[in-house]
Structures are given as C-alpha cells and as structure tokens.
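Sequence lines, in order, name chains A and B.
Those letters in the first sequence? Residues 4 to 327, by the numbering used here.
Those letters in the second sequence? Residues 4 to 327, by the numbering used here.
Just to be clear, a hint being listed does not mean it is correct.
Identical copies look the same in the list; a pair holds intra-copy or inter-copy alike.
[Unchecked claim] Quick list of in silico lysine-lysine cross-link-like pairs, BS3-like style, CA-CA up to 25 angstroms:
#1 Lys226 <-> Lys214
#2 Lys88 <-> Lys214
#3 Lys132 <-> Lys277
#4 Lys322 <-> Lys135
Hints in this document: simulated from the structure, not taken from any laboratory.
There are 2 protein chains.
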Amino acid sequence: MSEIYIGVDFGATKLNAVAITPTGEVRAKLREPTEATKGLEVVIKNIVSLIEKVISSGTKRRDEIRGIGIGAPGPLNPETGIIIKAPNLPGWRNVTLRDLIREKINLPVFLENDANAAAFGEYWLGAGKNAKVLLCLTLGTGVGGGVIINGKIFSGANFIGAELGHTIIKYDGLRCSCGNFGCLEAYVSATAIVQRTSTAIESGEKTLLTKMVNNRLEDLTAKLVHEAAKKGDRLAKDIMTETGKLLGIGITTLANIFNPDVVIIGGGVSRAGKFLLEPARQEVCKRAMPGIADSLYIVRAKLGEDSGAIGAAGIALFKDRKRL
Amino acid sequence: MSEIYIGVDFGATKLNAVAITPTGEVRAKLREPTEATKGLEVVIKNIVSLIEKVISSGTKRRDEIRGIGIGAPGPLNPETGIIIKAPNLPGWRNVTLRDLIREKINLPVFLENDANAAAFGEYWLGAGKNAKVLLCLTLGTGVGGGVIINGKIFSGANFIGAELGHTIIKYDGLRCSCGNFGCLEAYVSATAIVQRTSTAIESGEKTLLTKMVNNRLEDLTAKLVHEAAKKGDRLAKDIMTETGKLLGIGITTLANIFNPDVVIIGGGVSRAGKFLLEPARQEVCKRAMPGIADSLYIVRAKLGEDSGAIGAAGIALFKDRKRL
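Work out the full structure: start from the sequences and follow the hints.
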C-alpha cells in the first residue's frame, strides 16, 4: 500500500491541491477557484470538496492517506491551527481552520503560513534541497517570505515573522502596502514593476509596451514588461535590471543576517529569470559582507505555482514522521 | 566541589575574563590589555596568562574547572575553533586559537564569535532570559549582532551571519566601514554619532559640547553627546533622538524578519538609555508589521561590559551539558 500526503495551497483566488508520495511522486493535482467573496462557509466547503476530489483521483484506497497539509494566508498559528486574520479574505478572523477541516475529513491536518509552505516545498523537492539555511522570496502582487533553518520552518517567537518582503531598503522611500516606507515589497513586487513602468511611459519614454497594451496603461502587467524585455525593449530591460538591483539590495541585508546557502526567488515575477537574477547577484556581490556571497546561490524556484501545495503536503509528511 | 566555567572576551584592546558557577555566581573577574600590536604570540600568551590568573583567583582547586569559552573577533568557525580573519588584529588569519589554548591549559575550550557570545550572555543571565527569539545589537565603534533562537546561537550556514549591524536602512545612504552603503552601523555606531554631531557643530549649531571639548572637535565622543543630552543640550538631545529613530528603523526590519520577543541593545552607546530607546520603540511601533511590536521588548543589556565574557563561559557550560 502506498502512503499519500495531501497538500493544499489556499490562496485568495485559487485553491491548488496535490496528492503526493513520500518520495515526491505527484499522484494527482487539481485547481479550483476559492470563491472568497462568497464567504467563509463556501470557502471551507470548497477546500473540503477539493481535498475529497484529489484524494479520489490520487489514491486507490482512502486509508493510503496519512495526512493533509494546508498552506493558508496569515497571520496564523500553526500550533493551534487558527487563522488569526487573513487580510484578503473577507470575514476571516480567528478561524479554527485546522479543526474545521479535520472534522469534515477525519484525517490529521496541519496548518502553515502559505509563504512558509512554499519555502518548505522548495526545501523538500525544489531548488533548496539539503540547504542548511534557505530563504524564499515570492514576488507576486506582494512579496512573501519563508525561512527554513536546518530543515525547520522559522517564523519567529509568535509565528508572524519571516516577513522578508518587509525588509526596509530605504527608510524614506516608497510607501508600502503595510503602511511603512521603503519596504522591499514596494520596489520589487509585480505591482511595483507596473507602477514604475507606467510612470516612465507617462513621462514620455518610448517602448514596445505602449503598443502591446494598445495605449491602455491599465492593462500593463509585470509579465508584459518581461515579454517586452525579451524582445529587446530598452525601457522594459532597464526596468527589469533596476528591479533586480533593488532585489539584490534586499537580499544583501537578508544574506548579511542569515548567511544562507540558498535564496530562492519564486512567484510570477521570477519568470523574468536572468533579467532579474543577474543584476540581483551582482548587487549582492558588490554589497554583502566578506565571504557571504561566495557560498550563496540565488536561484529561481523549481516547483513554480505548485511549491505551496507540495510544501504543505511535505509539512504533513515531516510532521507525521516527527521530523518537523 | 564547585563546578566553575571560565569565559574570556577577547577584544582588540582588552581581554576580559570571568570565573563563574553554573548558577551564574561570578567567582572572579579580571581585565588586561590585549597588546594586539605586539603580534599573535604575545596575544596568545596574554590570553593563557589571564585564564591562569582567573582560575587561581576564582577557584580553590583546578579540577573544579569544567571548561573555557572564548568570545573572539570573527569571522571564525566555532566547529573547527579557527579564527579565519580578525580585521582589527594584525596577523590573525586562519589561527587555530581553540587548539592553541587547549594545548597550553589542557581543558575543554570552545570558541565563538564575540557578538554571539555577548548575546548568549544576555540570554543566559541578562535581559533576555527565557526568550524564544533574542536579538542583540552592540553599539560601539561598529555595530555587532547576535541571534539566539530557542536557546541556540544562530549564525547562518557558515557561521558568518547575524551581522545585524549590516542591515541596510537606506541603500543610497552613508558609506559603511564594510564598503556597502546605508548599513545601520553607518548611522547608529558611536563613530556615526560623533560624525553627525561634528558636522552639526561645524555648520554652526550652538551646543554645550563645544565647551565640553574645549573647541577640540577631535575629542568629541558619543559618551559626551549623551552627557550633554542629560544636561538638556538641544543639539545633543536631537542627535540622540535621531539616532534612536534610525536604530528603530533597523530594528523594524529585524523584527519583521525574526518576530523576536526581545531586542537587547548593548555596547557603550546603549548607556544613553531612554534618549535612544524611547524614539527607537516609537519608530518600531509606527513601522513594524501588525502584531510584531505588541510582543516585542526593546531593552538595554543587563550585563554591561561583561556580557561577552559571561556569555563565553555560558557557552562552555551549555556545551558541556550538551544543551548547545
């Protein structure tokens, strides 16, 4: 009989689930909308239904399932299984998500912050295997962070740390969504890239992007900026280089503090690959303390959009085996 | 028979040693010059001689001594006991300090970075007892950092992390001694305080300090700035408030990342107490992510100049008991 673990990545718009073996063989993978606007009950029903579906398609017998991991928006408490508050999910305050799911499914359930789950996925099966100190930055609408030290998730004294996106890089700089000024997130998120590009276009810079969005700047995305850069567009390339440098500044602080062996860059923006990572690496080499850059790999996430779900399943596995 | 541990704080100018019991009773305390300019052999002779003296004055019988901890300038490797390079000590490169001392004294010897030893001292017997996540910032000529997570020293994959003083707060800001721009150290070290005060005085600001140093700006120290602030001097108070705010900005980044329960401020500059810590706390409350500031104490170091030596002895104790 196989042993199977289920992982769910619970995002504000999408639910992503996998059924996976302890050796990392994905037996099933499903994705469905979260329907967050329909309220808490519907979301929980959707999560339960997706778990049941991924169990059906990924296993022959239900008793193969050893546990379920859920990566969810935080702040949350993995020990009590309670989501304290989910800013992007209306009505989610002090929700005992772990117990609610466990009641419905009757299997061991583990809850973890989504960014930590993604970091754990990359540690278990992705770009950070065997790392002693792994940092993961997820560049999307915001910038998420995860820290794995000696195989354990590190999130601080009350599980609300590892907010790597809220590393200040310029204290009198841009306003961040968190209310602070100068956070890394305000410079390297998809939102920030779009903002910086729009400003440049509005100030009259020539670029392929104007045509690519038919003059509708509101249709601009970070993905389009990357596409234009690939086509050789000067502005798009400059924006990506600048973003990479700013990312490198944030990584420098993190590297001086954590002396990590690997920093993994995930999320949609990371698809920009070398346009982003090359200038980031150069900046770290220029700025970091002696020795820090020599042993540091800055790499793209390997598991793509599945890192969260795979990591959540990995957490269930490692908890089950008392290795976490 | 008592059990006694010896701790040595090996600084560029002074050697500080304690003999201490497992319950934290200091049996002897001695201080001598390092004589770093006289070269490696003399320094090692001085360390050995100081250890012998503190053993003689702190114990009745030599077999009471269970182990010796040494906090030394880094980068160093605590596992091999080798000082890789000590920037302020001429000739110190790849020195097998642990083994050299062990050969002479014939007792277990443990080597640790000095800033980590100071943090461990505050964790063991100082301002951070029982903390889950403790950060220590030592504000002196430079800014040292130490991180204790669940009772263990955290210094990264290759023991060269925890450089909390090299948290960037303004990427296009002041040049730091490390070569980078905008590090916390360039804003809140004693050196930075003196620099900022001198610049203000040179630009014509009225202050008691001018008289306190008899117009010799080269005699200005951070300690004098603190004294002038205590006397109500406006410029000195402003400088300290600004330094506190800048310190708070650095702590905000660290707090968002580590979600610590305590941040301990040590080193000579920390004597400024509330002049420094009050504005720092306010800045963290304004800037940190939700929940982070609520459970965070920002406090002065309790062990003063002995934190390094006491921490080094504590490391020897905890290693001996397999708790580290």
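Now for the hints, and whether the structure bears them out:
no., hint, in the structure
1, Lys226 <-> Lys214, "within (15 angstroms within a copy, 62 angstroms between copies)"
2, Lys88 <-> Lys214, "neither (41 angstroms within a copy, 56 angstroms between copies)"
3, Lys132 <-> Lys277, "within (21 angstroms within a copy, 46 angstroms between copies)"
4, Lys322 <-> Lys135, "both (19 angstroms within a copy, 21 angstroms between copies)"
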